[in-house]
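Visitor: One letter stands for each residue in the lines below.
There are 2 protein chains.
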Amino acid sequence: MKKDLLNFTVGPVMSSEEVRAIGADQVPYFRTQEFSEVMFENERLMIKFAKAGEGARTVFMTGSGTLSMEAAIMNLFSKDDNVIVIDGGSFGHRFVELLEIHEIPHSVIKPEFGHGVTKEQLDAYDEKGYTGFLVNLDETSVGVLYDIKLISEFCRKNKIFLVVDSISSFLCDPFNMEELGVQVMITGSQKALACPPGVSAIVLSKTAVDRVYQNNPRTMYMDLKSALKNGERGQTPFTCAVGILLQINERLREIEKAGGVDIEVERIGGLARYFREKIKDLPYEIISKSLPNAVTPLKPLNGESAYDIFLTLKDRYGIWVCPNGGTLKDEVFRVGHIGALHESDFDTLIDALKEIERN
Amino acid sequence: MKKDLLNFTVGPVMSSEEVRAIGADQVPYFRTQEFSEVMFENERLMIKFAKAGEGARTVFMTGSGTLSMEAAIMNLFSKDDNVIVIDGGSFGHRFVELLEIHEIPHSVIKPEFGHGVTKEQLDAYDEKGYTGFLVNLDETSVGVLYDIKLISEFCRKNKIFLVVDSISSFLCDPFNMEELGVQVMITGSQKALACPPGVSAIVLSKTAVDRVYQNNPRTMYMDLKSALKNGERGQTPFTCAVGILLQINERLREIEKAGGVDIEVERIGGLARYFREKIKDLPYEIISKSLPNAVTPLKPLNGESAYDIFLTLKDRYGIWVCPNGGTLKDEVFRVGHIGALHESDFDTLIDALKEIERN
Chain R
1 MKKDLLNFTV GPVMSSEEVR AIGADQVPYF RTQEFSEVMF ENERLMIKFA
51 KAGEGARTVF MTGSGTLSME AAIMNLFSKD DNVIVIDGGS FGHRFVELLE
101 IHEIPHSVIK PEFGHGVTKE QLDAYDEKGY TGFLVNLDET SVGVLYDIKL
151 ISEFCRKNKI FLVVDSISSF LCDPFNMEEL GVQVMITGSQ KALACPPGVS
201 AIVLSKTAVD RVYQNNPRTM YMDLKSALKN GERGQTPFTC AVGILLQINE
251 RLREIEKAGG VDIEVERIGG LARYFREKIK DLPYEIISKS LPNAVTPLKP
301 LNGESAYDIF LTLKDRYGIW VCPNGGTLKD EVFRVGHIGA LHESDFDTLI
351 DALKEIERN
Chain L
1 MKKDLLNFTV GPVMSSEEVR AIGADQVPYF RTQEFSEVMF ENERLMIKFA
51 KAGEGARTVF MTGSGTLSME AAIMNLFSKD DNVIVIDGGS FGHRFVELLE
101 IHEIPHSVIK PEFGHGVTKE QLDAYDEKGY TGFLVNLDET SVGVLYDIKL
151 ISEFCRKNKI FLVVDSISSF LCDPFNMEEL GVQVMITGSQ KALACPPGVS
201 AIVLSKTAVD RVYQNNPRTM YMDLKSALKN GERGQTPFTC AVGILLQINE
251 RLREIEKAGG VDIEVERIGG LARYFREKIK DLPYEIISKS LPNAVTPLKP
301 LNGESAYDIF LTLKDRYGIW VCPNGGTLKD EVFRVGHIGA LHESDFDTLI
351 DALKEIERN
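Which chain is which? The protein sequence lines are R and L, in order. With my numbering as the guide, the letters of the first sequence map in order to residues 1 to 359. With my numbering as the guide, the letters of the second sequence map in order to residues 1 to 359.
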């Protein structure tokens with residue numbers, strides 16, 4: 001199948017030449033000190049970029065972000081908890097479904113479509129004895145970034161354990177785990193980490209690590225105790241996606257070398273602003289009232305189907321944008337700003353959209 | 001880290017040039033008809049090579065073989081079952097632990113070290129009302145291949161649901177799911193499929209598919225119903241390891257083009273025989289009394305530590321063999337015959353072992 005399309009989806013995204021070169025290497029045997037050193041560095045740089053503070057740990061799970069979402073819920077909450085969850089799109093809704101599957105008591109906040117969560121919405125849950133809070137910071141399905149400061153203050157005041165799915169937000173939007181009192185952060189290899197999909201990562205504060213060791217969930221593959229223990233020697237309990245973990249190492253080092261996480265956030269933010277300025281001339285509405293840096297959700301105003309535009313861009317222009325599913329399929333498509341993209345790539349996309357508009 | 005060592009481990013193994021070239025491509029967006037076609041072909045060829053018969057299905061899970069072992073147990077057995085499990089090494093023992101975690105009643109058969117399972121051992125469980133049987137066909141940790149015909153006959157007579165972990169046996173040893181009445185077969189991308197680790201596959205007979213649809217395990221990521229349903233349109237419920245699935249496609253097509261599964265089994269068997277003939281001249285004991293084609297377990301007879309030989313081969317000769325862990329660490333190492341290996345590679349290994357012997 002064709003793989004050389006210009007890719008503006010929100011994952012898998014385009015990788016740097018250096019990351020791709022590793023994909024062509026033989027995958028090394030990994031029960032070695034050499035691979036452990038790579039894993040130690042991966043853990044250290046993830047903690048540094050998440051600003052997770054003293055005593056924090058990172059575990060790398062071979063699987064999608066959903067695996068890590070489920071692992072976080074199984075290892076950190078129980079039937080004795082009562083969790084607030086924000087359900088503002090398909091990823092927030094996935095958290096709700098996971099809480100249902102694992103029978104964890106919860107209440108759902110449903111923000112207005114395209115909007116963030118408000119202080120009034122949170123205040124309704126103030127001093128009600130809630131113990132946990134789940135939010136996917138960038139609800140990628142509709143391109144809404146929630147106000148993490150607001151949520152952080154609410155959780156601190158109520159002494160609530162805060163778990164943040166940062167799958168599409170890590171390295172894109174300013175984020176400081178320690179300052180915000182975030183206990184757990186989840187991300188995936190195929191988002192702003194710009195590596196192939198197959199690995200997700202969970203960064204745990206010291207408090208979260210202690211909590212994991214107190215729990216005993218019914219699972220082997222998702223048991224974070226075992227992941228943490230093996231991680232102490234730079235290893236994983238089961239055969240991991242060794243190749244992708246080596247690519248993550250290359251990419252984390254690239255970011256560090258270029259100046260660190262703040263520079264990367266600024267770079268992606270710059271691309272988002274560049275595109276949003278240019279799209280103003282075209283008949284699209286940006287549907288989100290609280291935009292993340294990773295993605296811009298667009299609604300065609302000229303009556304065309306969003307999904308048809310996705311297909312035309314793919315088949316006629318060699319460009320992938322990110323289609324929506326379900327009821328939004330014909331209403332919305334999304335343009336990602338993550339991965340190995342440059343301003344000139346967005347010029348190419350804008351030109352294609354203009355040409356489609358003319359025809 | 002160094003990645004160009006000659007690799008005789010049992011995974012990750014060496015990949016063909018064509019498979020590695022795909023690793024250097026950009027990973028394509030996958031919610032497309034083009035990727036669905038790839039997945040349909042992957043499913044079809046897996047079913048063909050497993051000889052799984054009419055109505056069989058394959059699901060691809062992003063994760064290690066252990067993920068698929070746990071998913072199989074959660075989706076196919078319940079507290080109403082009573083399962084026989086063969087615990088002849090660390091992988092068989094993993095099945096036992098999974099049955100304990102998920103509270104599924106079971107009885108354990110422990111074969112003599114280095115030996116297969118005997119008819120007498122099975123007969124002790126005859127007509128006792130057992131409902132399931134779990135075996136990892138090639139207990140890779142000690143290089144023992146169980147007698148699948150014996151097990152198959154026992155299960156057929158007792159109307160027992162047979163699940164086979166073929167992680168290191170698929171494409172290596174003769175295997176015919178339909179003829180043997182095997183209902184579920186599990187394998188991984190990094191074994192004889194010779195792709196990077198990160199994907200495991202479960203082939204289900206029609207009976208097993210029906211059984212999955214009747215169960216309701218408490219899990220989202222391991223829910224095989226959802227994997228089967230999404231597979232009907234060539235998709236996965238969550239972002240999958242797209243790059244590795246494209247590499248699996250290349251590899252399955254390579255095998256098909258070269259004459260199919262029987263030719264591949266013969267090729268790997270030929271390499272195993274070649275190596276075992278040559279190692280006779282050296283002071284090593286082959287500890288298994290029931291050898292699989294994938295691997296030869298060796299015990300040094302000259303008093304040297306097996307783990308030291310592993311380190312010497314790695315650091316001085318640029319060769320990986322597969323070390324053992326736990327109590328066998330100094331007793332046994334293993335030489336794999338899977339991946340992109342040729343007779344000349346085994347000559348290189350034998351020469352290195354001879355040189356170590358002389359020093």
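Think of the hints as simulated: they come from the structure by calculation, not from any bench. Check before you lean on any hint, since a few could be wrong.
Given that identical chains are not distinguished, each listed pair holds provided it fits within a single copy or across any two copies.
Think about it this way: if two alpha-carbon atoms lie no more than 20 Å apart in a straight line, the pair counts; the simulated SDA-like pairs of lysine to any residue are [unchecked claim]:
1. Lys79 <-> Glu103
2. Lys79 <-> Asn230
3. Lys157 <-> Glu127
4. Lys329 <-> Arg233
5. Lys314 <-> Asp25
Visitor: Can you tell me if Lys157 and Glu127 fall within 20 Å by alpha carbon in one copy, between copies, both or neither?
Guide: Classified as within; 9 Å inside a copy, 63 Å across copies.
Visitor: At most 20 Å between C-alpha atoms: does Lys79 with Glu103 qualify within a copy, between copies, both, or neither?
Guide: both (6 Å within a copy, 19 Å between copies)
Visitor: Taking 20 Å as the upper bound on the Cα-Cα distance, should Lys79 and Asn230 be classified as within, between, both, or neither?
Guide: neither (28 Å within a copy, 30 Å between copies)
Visitor: How would you label the pair Lys314, Asp25 (within, between, both, or neither) given a Cα cut-off of 20 Å?
Guide: So Lys314 and Asp25 pass the 20 Å test across copies only (18 Å; inside, 30 Å).
Visitor: If the cut is 20 Å between Cα atoms, do Lys329 and Arg233 qualify within a copy, between copies, both or neither?
Guide: between (46 Å within a copy, 17 Å between copies)
When the structure is compared with the earlier hints, a violation turns up for hint 2 alone.
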